[in-house]
Amino acid sequence: MSMLHGVILLPFVAAAIVPLFYKLFRRIHTGWFVLPVPLLAFVYFILSMPTIREGEAIQSTVSWIPSLGVDITAYLDGLGLLFSLLITGIGTLVVIYSIYYLSKEKEAIHRFYMYLLLFMGAMLGVVLSDNLIVLYGFWELTSLSSFLLIAFWYNRDHSRYGALKSMLITVFGGFAMLTGFILLYTMTGTFSIREIIDLAPTLPGQDMFVPAMILVLLGAFTKSAQFPFHIWLPDAMEAPTPVSAYLHSATMVKAGLYVVARFSAIFAGDALWFWIVSLTGLVTLLWGSYTAVRHTDLKAILAYSTISQLGLIMCLFGLGSASFYTGGADIALYTAAIMTAVFHLINHATFKGALFMVVGIVDHETGTRDIRKLGGLMAFMPVTFTFALIGTLSMAGLPPFNGFLSKEMFFTALLSVAEMDFFSVQSWSILFPVVAWVASVFTFIYSLIILLKTFTGRFPKEELGEPPHEASLGLLIPPGILALLVIVFGLFPNLLTHSLIEPAMQAILPTLDNVEAKHISMWHGFVPELWMTIGVAVAGILLYLTLKRWQRLYSYFPGSLSFSRVYDFLLKGSQRFSRIITDTYMTGSLRHYMIYIFVFLVLVGGYFLTRINPFERHGEVVFAEVSIYEVILTIVLLIAAIAVPLAKSRMAAIVLVGAVGYMVTLFFIIFRAPDLALTQMIVETVSVALFLLCFYHLPKLQKEKSSRGMRIFKLIVSGSVGLLVTLIALAVSNHQMFDSISNYFVEESYRSAGGKNIVNVILVDFRGFDTFLEIMVLGAASLAIYALIKVRDRTPHERKEER
Amino acid sequence: MKRTDDVVLQTTSQVTVFIIITFSAFLFLAGHNNPGGGFIGGLMSAAALVLLALSYDLKTVKQALPVNFHYMTATGMLIAIFSGMGSFVFDAPFLSQAYDYFDLPLLGNVELATAMVFDLGVYLAVVGVTMTIILSIGEDR
Amino acid sequence: MEILMSVTTGVLFMIGTYMILSRNLLRIILGTSLLTHGVHLLLLTMSRLKTGVAPIWSEDIGAYVDPLPQALILTSIVINFGVTAFFFVLAYRAYQENKTDDMEQLRGGDDE
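Residue numbers (my numbering), protein chains in the order written: chain A, 196 to 998; chain B, 10 to 150; chain C, 1256 to 1367.
Note that these hints are calculated values from the structure, not bench results. A couple of the hints might just be wrong.
Partial selection, computed: residues in chain B whose CB lies under 8 Å from chain A [what the hints assert, rightly or not]:
| id | residue |
| --- | --- |
| 1 | Pro-44 |
| 2 | Gly-46 |
| 3 | Leu-52 |
| 4 | Ala-55 |
| 5 | Ala-56 |
| 6 | Gly-93 |
| 7 | Val-135 |
| 8 | Val-138 |
| 9 | Ile-143 |
| 10 | Ile-146 |
Within a straight-line C-alpha distance of at most 25 Å, the following computed DSS-like cross-link-like pairs (lysine-lysine) qualify [what the hints assert, rightly or not]:
| id | chain 1 | residue 1 | chain 2 | residue 2 |
| --- | --- | --- | --- | --- |
| 11 | A | Lys-985 | B | Lys-71 |
| 12 | C | Lys-1354 | A | Lys-951 |
| 13 | A | Lys-985 | C | Lys-1354 |
| 14 | A | Lys-843 | C | Lys-1354 |
| 15 | B | Lys-68 | A | Lys-985 |
| 16 | A | Lys-301 | A | Lys-218 |
| 17 | A | Lys-568 | A | Lys-843 |
Positions of the beta carbon are idealized from the N, C-alpha and C atoms, including for glycine.
With the rest of the complex left out, here is chain A (with noise of 0.2 Å):
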């Protein structure tokens, strides 16, 4: 236990405590009362910092499953350190925000800022456990509370539509993620990352090594929203904006890209893996962009642009692993990929979060996020219009804020694909600077959707009445700090390159050596990025202006065939095919169950029997001998037996029931059971007892309406029933193969028990548990018994009477 494990405890500590804090202070928002977690947990991180930026990394490991490998190991390097401030950092501006945004009256805020913690610390979890296991429990802790997040309006028919989609589609890949664990596990035999980085060199070449690569990508690829996964993302807008904001754009849709970043030390050094995440990458960038502008709602455009920059992200981190493989020569080359894709991550937490706060408040003031509906917001909300300002021009990548700067070394990361000379990149090399320029280009225009549509323009005063006032200060501050970043990182980006980027560079590299920061400049002269920049604007601004002319183009492309309907209709082809193969045997009758039940134990219980002779003796078997009394006892309760399914009343099969219960007990007193003797006699007494009180409630005992050949089959089933457990008994008896473990119990009953009744000894004393669990299920009956007869539902009639 250290002060890192401490941190990431501290939100569930506080996810626990939280709705406590709600109950008592109902005056003050609770969100007040959350605030210092991520707050405490920044502080930490940032201290911390300098510590990392030496190269050393904190870790601490608090034991678990120590003979399964599983420790949780709490590691902290410059990749972890960059996230957790990205989550706990976000997170205390999201707060602020939520505090404002969500009435204490009206919402359920306390369940808001549980799961809202449970995600927190999660996300820590995920991104500072070095144990594979311990971080896929996070990993799934994070689809977890994002699921019940999205969900929040739990009325709404979207949201809960979201959230499952959003489960199902992140929880599958973090199946699959988890399988890929498993299989590095049987391929190094360690759990922890790091280890497995050591063993890196070892794992080319190895059976399991592409599958375990293409499983882990699986996860990271449906966490982080790439094509084709994406399309659980636009749908988990539904969520409170506060959420979009923390969990849809800064941190979550992000862990996927920090298990990319984390194994490529791991996987980097194939082919395969450049191919796969490049292109993933190159493909999720431009089929997010070119979406996001057909889309009208304000949180979808950003949905798309946030898919989209993800895999602007993803396709570097996709180009930094070659550095893996060219090893030392001319390696900065390719660690400026990794570089640019973890500059980019901060300025797109930066300008994307205030972006969706500025929706938020345009949604919150205006009660729409329709761009048909709204415009002329400028005049009234000139605070708001400038945070959208600088988010949507740093978003489209113009100077002189952070996006320009990342943008432009994403142009220079791809035009240095052309200089790549392995894996037969060059031939491919055009490719890449090209559909790179072209998403920019559909970057730029919805940038300038988000920003004109909704701010410029006339005020449609038919639609949303009465003008919007600006929104209030708690409002403003959290959107204002990060746009402040925004225009801070982008005039001063090196303020980053070696407190921050530098050691996450060096964490993603860690078996480079020399991997530096370049340092980040604004101004490169004439290069071909700066042309590029300028085409893109152009170009942008162009189409922008002809946007009605060339839009018709997207009703070409039909609905249908989206990627969305695809996972609607498996979902529901999976549905309906379940419910077919269960219809065929789950009939509802409880007879049916009955038959599967004992054929099932005929079937395997006969054949286990062929296998052995019942009826040959082994071992010394020496039977005990009948007296006259037995046998006539055997008759008796035979005949009471047979009788019972014979029984025309329910008084007689009662009885007989009773009187075989009575027998039985004499058979407890010929074979030396006292105990059970007492016990039998005293239950079927009070049993007759309880009938005699269940008498008057019972139905009269009907006539068997069954058809002969019904009646035969039953016959068939119970005989056969009945011949099985003689054949067991009889086995049984005549093997004497093993000493009865009872010995003992006999032996230290006395000895080490102090008692002489053997039988109350194992029950107190040796087999203690079980009796205790006995005692528990006699409860439970006693329970059930006095629910079903006290709590009652009403009866559908009185319900009816009372309309």
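With chain A fixed as given, assemble chains B and C onto it according to the hints.
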């Protein structure tokens, strides 16, 4: 259940109930060394109460014995649990038992076992459960 | 004796199974009771019968009957008592609510 007015039954049961309960106490105490124990004792006590209920009616039983049988069940279970946890103090596994001989006034040399406490829990739980069942069914109309 | 008890056990099992497979709720409950008796006798039979005296410890006695199955059966008897009581109440509550004790009519709808 209707109130029955069988004087013979009522008079007899008044006497027998005490005999049965005394016997059940004997069975319970004898359990460690002779046939008997918590189960049997508990069931027999419950049977005595059932007899009372049959000869009078449930209301009378409830008035005569104002015991909440839910609490009785819970008490029994708690006694069983805590008797088991007592062994933690001596760094022994859950439900470890011990015994020793003591010289008690009047009774002479008597063996006392911690298993007895556990058995008492079983006894109470069994009485509570049985009576809960019988009472809930009997009261239902 | 063991052979006789094996057959008896088999018959109890057969009748119990037959009753459980019927449509009537009360018969099913009685069937489970018979099945329980069968199981108890089976447990006793499987551990040898009358191999010694009752398992009450005494210094001068060497052979006892096997105490372990007795302990198992004792537990079983008490649990069976609870379960049977529960079945009875379940049966008559089901009858009260649904006005039938025919299992084929208690199958439930499609959406259950």
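Consistency of the hints with the structure:
A least Cβ separation of about 4 Å between Pro-44(B) and chain A falls short of the 8 Å threshold, and the interface hint therefore holds. The beta carbon of Gly-46(B) is positioned within 8 Å of a beta carbon in chain A (closest approach about 4 Å), and the interface hint is therefore held. Interface hint at Leu-52(B): satisfied, since its Cβ lies 4 Å from the closest Cβ of chain A, which is below the 8 Å cut-off. Restraint check, Ala-55(B) versus chain A: the minimum CB separation of about 6 Å is within 8 Å; hint holds.
For Ala-56(B), the shortest C-beta to C-beta distance to chain A is roughly 5 Å, which falls under 8 Å, so the interface hint holds. Proximity of Gly-93(B) to chain A holds as hinted, the smallest CB-CB distance being about 7 Å (cut-off 8 Å). Contact between Val-135(B) and chain A, as hinted, is supported at the beta carbon level, the nearest pair being about 7 Å apart and thus within 8 Å. Of the supplied interface hints, the one on Val-138(B) holds, with its beta-carbon coming within about 4 Å of a beta-carbon of chain A, less than 8 Å.
Interface hint at Ile-143(B): satisfied, since its Cβ lies 7 Å from the closest Cβ of chain A, which is below the 8 Å cut-off. Nearest Cβ of chain A to the Cβ of Ile-146(B): about 5 Å, under the 8 Å cut. The hint holds. The hinted pair formed by Lys-985(A) and Lys-71(B) meets the criterion: a straight-line CA distance of about 17 Å does not exceed 25 Å. Our distance criterion of 25 Å between C-alpha atoms is broken by Lys-1354(C) and Lys-951(A), whose separation comes to about 53 Å.
Restraint check: the Cα-Cα separation between Lys-985(A) and Lys-1354(C) comes to about 19 Å, which is no more than 25 Å; the hinted pair holds. Using a Cα cut-off of 25 Å, the hinted pair Lys-843(A) and Lys-1354(C) holds, with the two alpha carbons roughly 21 Å apart. At roughly 17 Å between alpha-carbon atoms, Lys-68(B) and Lys-985(A) fall within 25 Å of each other, so this suggested pair holds. For the hint linking Lys-301(A) to Lys-218(A), the alpha-carbon distance of about 15 Å falls within 25 Å, and the restraint holds.
For the given pair, Lys-568(A) sits about 78 Å from Lys-843(A) by alpha-carbon distance, which is inconsistent with the 25 Å threshold.
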